[in-house]
Structures are given as structure tokens and as C-alpha cells.
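Model the full structure from these sequences, guided by the hints.
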Amino acid sequence: MDFDIGSDIVGFIDKYFIHPIVYSGEGYNPVNTVTYAIILGISLFAILKLMDVLKIRLDERFVISTAPYILLGASLRVIQDVGLLQPPFSYLFITPLVYVLAFVITATVLLTCLLLERKGVIKDYAKPYFWAGIAGIAIVLGLLSTKQFSSAWWAPVVVVLLASAFTGGIYLVARHFKWDFLTNRLNMAILGAHMFDASSTFTAIDLVTGFAEKHVVPVFFINFTGTAAVMYVLKLAVFIPVIYVIEKYFKDDPQLYYAIKFVLLVLGFGPGIRNTLELTFVQA
Numbered sequence: 000m001d002f003d004i005g006s007d008i009v010g011f012i013d014k015y016f017i018h019p020i021v022y023s024g025e026g027y028n029p030v031n032t033v034t035y036a037i038i039l040g041i042s043l044f045a046i047l048k049l050m051d052v053l054k055i056r057l058d059e060r061f062v063i064s065t066a067p068y069i070l071l072g073a074s075l076r077v078i079q080d081v082g083l084l085q086p087p088f089s090y091l092f093i094t095p096l097v098y099v100l101a102f103v104i105t106a107t108v109l110l111t112c113l114l115l116e117r118k119g120v121i122k123d124y125a126k127p128y129f130w131a132g133i134a135g136i137a138i139v140l141g142l143l144s145t146k147q148f149s150s151a152w153w154a155p156v157v158v159v160l161l162a163s164a165f166t167g168g169i170y171l172v173a174r175h176f177k178w179d180f181l182t183n184r185l186n187m188a189i190l191g192a193h194m195f196d197a198s199s200t201f202t203a204i205d206l207v208t209g210f211a212e213k214h215v216v217p218v219f220f221i222n223f224t225g226t227a228a229v230m231y232v233l234k235l236a237v238f239i240p241v242i243y244v245i246e247k248y249f250k251d252d253p254q255l256y257y258a259i260k261f262v263l264l265v266l267g268f269g270p271g272i273r274n275t276l277e278l279t280f281v282q283a
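Counting from 0, one number per residue, gives the positions in the sequence shown under numbering that gives the first Met the number 0.
Hints were generated in silico from the structure; no laboratory data involved. Careful, some of the hints might be misleading.
The list that follows gives simulated cross-link-like pairs (lysine-lysine, BS3-like), each with its CA atoms no further than 27 Å apart [as the list claims (entries may be wrong)]:
| no. | residue 1 | residue 2 |
| --- | --- | --- |
| 1 | 247 | 54 |
| 2 | 126 | 48 |
| 3 | 250 | 177 |
Since the model is a prediction, treat every value here as computed from it, not as a measurement.
Put into C-alpha cells, the structure is as follows:
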């Protein structure tokens with residue numbers, strides 16, 4: 000039996016990475032999910048090393064000033080969903096390439112602002128860095144607004160109301176039981192991000208209908224329970240213990256501590272914002 004290693008590798012990549020996303024619309028499978036998770040972990044530590052070299056301090060101020068780029072990255076992904084661009088340019092806005100594009104934009108603006116600060120041109124990199132992200136969001140949302148709104152124009156309002164209600168409820172419960180590790184604002188923002196993601200999934204699948212979850216683990220639990228409401232339970236079951244572990248074991252390393260928290264924000268707000276924008280502009 001003859002083996003063509005080159006063809007086998009190309010076939011493997013096409014089967015598990017290219018075809019599910021570009022052609023079939025399947026999205027994620029166990030192979031590409033694990034691969035992307037590994038790449039995310041490696042990228043996180045590589046970025047931390049780079050930040051050490053560049054003497055960039057990771058703290059709550061950095062996380063807040065970088066937050067607009069989460070929305071920017073998510074909204075860039077929707078550009079492809081609504082058909083604003085045609086191939087091959089539209090492929091840049093397909094997962095995971097859109098994450099690379101978002102990272103390049105974020106890193107370019109951040110490094111430019113840091114250089115201007117260190118040259119004495121500006122006093123503080125954080126403000127122009129933050130507002131550049133806001134400007135990018137405004138441009139992308141302006142482009143998206145040229146498309147017709149979907150029939151489920153009310154859905155984003157429901158998403159925000161549900162996410163706010165759940166996040167507020169979690170905060171009140173945490174205060175009542177004196178779970179201080181949950182009540183600081185960054186940790187509440189993380190839980191709020193994931194309640195937002197859960198609300199967008201629940202609204203799209205159970206209320207609007209016509210949309211489908213594409214990530215492997217959520218698909219399993221939604222199919223098993225018959226409702227996307229399980230996402231609330233799943234998110235809380237995962238991220239409350241994760242936040243506890245971060246607070247207990249990672250505080251001595253501020254760089255890693257805030258880097259992990261930022262990643263958790265991205266993992267919540269990123270898909271949540273994308274889902275909500277899809278509900279706004281994409282017909283089910």
C-alpha cells in the first residue's frame with residue numbers, strides 16, 4: 000500500500016479545518032477545537048513573554064483600555080456573516096483568521112501608542128489606545144448598518160436584558176453569601192461576559208429559532224437537554240470555579256493573572272457580541 004504523506008496532510012487539514020468553516024458551515028469539530036485551544040494557550044504565553052520584553056505592564060487599566068478591541072474583533076467576524084465582502088477577501092474574516100487580523104490591528108495600535116508615549120509625544124498610551132478601538136468599532140458598525148436589519152430586530156434587547164438580570168442576580172447572591180472573590184468588578188465583568196454569551200445563544204436558538212450552535216461542547220449539552228438555557232448552568236459551573244482558582248493561585252504573578260482574566264473576557268464577550276450582531280443583521 001502506498002502512502003502519500005503530503006496528500007494525507009492536506010486532506011486532513013481540509014477535512015477538519017478548511018471544509019467545516021469555509022464550505023459546510025459545520026464550524027467546529029473535536030479536532031479543530033482542541034487544536035485552537037492549544038494554539039490559544041501557546042499564544043498566551045508567547046504574548047506574555049513579548050510583553051515582558053517590551054516592558055508592558057498588564058493590569059486592570061490595560062484590560063479596560065483593550066476591551067474595545069474585543070468588540071472590534073467580534074464585529075469584524077460579522078462582516079463575513081452579512082456578506083459585505085466577497086472571496087478571497089472575505090476569508091480573512093473567517094475563524095480563525097479573523098482572530099489573527101484582530102490581533103494584528105490591536106498590537107499595531109498598542110505598540111504605536113506605547114512608542115508615542117515613550118517618545119514623549121503623548122502622556123499616557125491608554126487613552127488614545129482605548130479611543131482608537133472605539134473608532135474602529137464605529138467604522139465597522141457603520142459598515143454593518145448599511146445592511147438591512149433582520150426580522151428579529153428585538154433580539155439584542157432581549158439578550159442585554161437577560162444578561163443584565165443574570166449578572167445582577169449573581170452579584171446579589173455573591174454579596175449575600177460574602178463570596179468576595181466574585182464581587183470585584185473585573186470578575187463580575189467576566190461572569191457578565193459569559194452571561195451575555197449564554198443569553199445570545201439562548202435567544203438565537205430557543206426564542207428566535209433558525210440559528211444553530213457550532214461549538215462542540217455546547218452542541219453536546221444543548222442536544223442532550225433540548226434547550227440552550229443549559230448554557231447558563233454550563234457557564235456558571237465552569238467559570239465560577241475558574242475565577243476562584245485564579246484568585247487563589249495566580250495573584251502572585253500579576254502579568255499572568257490579568258492575562259488569563261482578559262482571555263476569559265474575550266471568550267465570553269467575543270462570541271456573545273458576534274451572536275448578538277448576527278441576530279441584528281443576519282436573517283435566520
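Comparing the hints with the structure gives:
1. 247 with 54: holds, 26 Å
2. 126 with 48: holds, 24 Å
3. 250 with 177: Holds, at roughly 20 Å.
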